[in-house]
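Asks: As given, the protein sequences belong to chains A and B, one line each in that order. Residues 1 to 201, numbered by my numbering, are exactly what the first sequence covers, in order. Residues 1 to 73, numbered by my numbering, are exactly what the second sequence covers, in order.
It should be emphasised that the hints constitute simulated quantities derived from the structure, not laboratory data. Please read all numbers here as calculations on a predicted model, not as lab measurements. A couple of the hints might just be wrong.
Pair by pair, the computed Cβ-Cβ distance ranges are [claimed, not checked]:
hint, chain 1, residue 1, chain 2, residue 2, range
1, A, SER57, B, MET55, 41 to 51 Å
2, A, ASP104, B, PHE36, 46 to 56 Å
3, B, PHE36, A, ASN32, 14 to 24 Å
4, A, GLU161, B, ALA49, 43 to 53 Å
5, A, LYS194, B, PHE36, 38 to 48 Å
6, B, PHE52, A, ARG42, 21 to 31 Å
7, B, PRO46, A, ASP128, 29 to 39 Å
8, B, GLU59, A, GLU175, 34 to 44 Å
9, A, LEU76, B, GLU59, 39 to 49 Å
10, A, LEU18, B, MET43, 28 to 38 Å
11, B, SER50, A, LYS56, 50 to 60 Å
12, B, SER50, A, ARG102, 50 to 60 Å
In this text, a Cβ means the ideal position worked out from N, Cα and C, and glycines have one as well.
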Amino acid sequence: MFINLLNPVISGIVPKSLSDEDVIVSYLESQNSSYFNILYDRYSSKVFGKCFSLLKSEAKAQDAAQEVFVKVLLNLSKFSYKSKFSTWLYSITYNFCIDQIRKDKKNIGVLVDDINQVGEELEDEIDDRDIMSTNVIRLKKVLDIIPTGDKAILLMKYLDEMSIKEICDILNKSESAVKMKIKRAKEKFVKTYKEIYKDVA
Amino acid sequence: MKNNFKELENIESEEASFDKDVIKNGIESDMKLIRFITSIVEMYFPKVASLFVSMSGGEPDEKKENVDYPDLK
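For reference, chain B alone in the conformation it holds in the complex:
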């Protein structure tokens, strides 16, 4: 069956110029930024969480570790 939608797509893709490399570079830089932000969050989130626990009067996990495994001496 004749489908002119496909033919139109071909014509439009010939008419519209786009630089594959520009988009690819954009994707790479976006991904780098996302990875950087993710690693920052991963690195500092536990510390921020501990800070909030401390501020609310609780004991951060780091200190608790010593309590969980007391020196039996």
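For reference, chain A alone in the conformation it holds in the complex:
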């Protein structure tokens, strides 16, 4: 009971409604793990979900989620508050998963920058609404088939609703390169969709 009273979260001194940024500041000042637990409770399932979606294995996703949070803890003092904490956290998650896939040598070449090789014959602009409103089961199937690099960039854009600037920061690429990558990922998505669901497309 007494120990619980000393715990700022359990004792109610720390309202769980604190913003992420406030929680980070408090954690850095006090090094009290209760503050980190708030962030963990808020984002662990999302981080695990992203890892699972990209790595396609529960065990790998669990290990990846653990390592992502360790990275976050070690680098929390470097968080600049320029972007939302969630964006920063997801950027670490995506980068970690992409690195992991590179290490596993799966989908090799997919993540390599081959912007110059493709894209000479770009189709007309694909409407975002068409992609976002794709039937969920079909969406899952197509996302599982397209290369992981394309899937990751589509998740950043449509699921996390990141801006081009934020994606640039995550991928460490120029704005034009990111725009081109998004365009190619969308084309890949539509092409794969049409191949699978010929009758509908």
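Assemble the complex: chain A is given as a structure, and chain B must be docked to it using the hints.
Replies: Same frame as chain A, now just chain B:
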């Protein structure tokens, strides 16, 4: 605007089971290990540095202190 990416995320998170506590324990043990290694490095790094200085013919800082503040007697 309808966004089925979000709906897919919800479905996948329901399908994929993960134990929050297992990951949390893993994070804690990783952090303990990192802190332990850091404290070991902090504790012994100056001594190792002094050893290298001595081996290369220099004078370790500990001995220099006496030279910097000589007894004026």
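Asks: Now, for every hint given, state plainly whether the structure supports it.
Replies: Status of the hints after comparison with the structure:
| no. | hint | result |
| --- | --- | --- |
| 1 | A:SER57 / B:MET55: 41 to 51 Å | holds, 49 Å |
| 2 | A:ASP104 / B:PHE36: 46 to 56 Å | violated, 30 Å |
| 3 | B:PHE36 / A:ASN32: 14 to 24 Å | holds, 20 Å |
| 4 | A:GLU161 / B:ALA49: 43 to 53 Å | holds, 50 Å |
| 5 | A:LYS194 / B:PHE36: 38 to 48 Å | violated, 55 Å |
| 6 | B:PHE52 / A:ARG42: 21 to 31 Å | violated, 47 Å |
| 7 | B:PRO46 / A:ASP128: 29 to 39 Å | violated, 58 Å |
| 8 | B:GLU59 / A:GLU175: 34 to 44 Å | violated, 56 Å |
| 9 | A:LEU76 / B:GLU59: 39 to 49 Å | holds, 41 Å |
| 10 | A:LEU18 / B:MET43: 28 to 38 Å | holds, 36 Å |
| 11 | B:SER50 / A:LYS56: 50 to 60 Å | holds, 51 Å |
| 12 | B:SER50 / A:ARG102: 50 to 60 Å | violated, 41 Å |
Taken one by one, the earlier hints fail for this structure at numbers 2, 5, 6, 7, 8 and 12, listed in ascending order.
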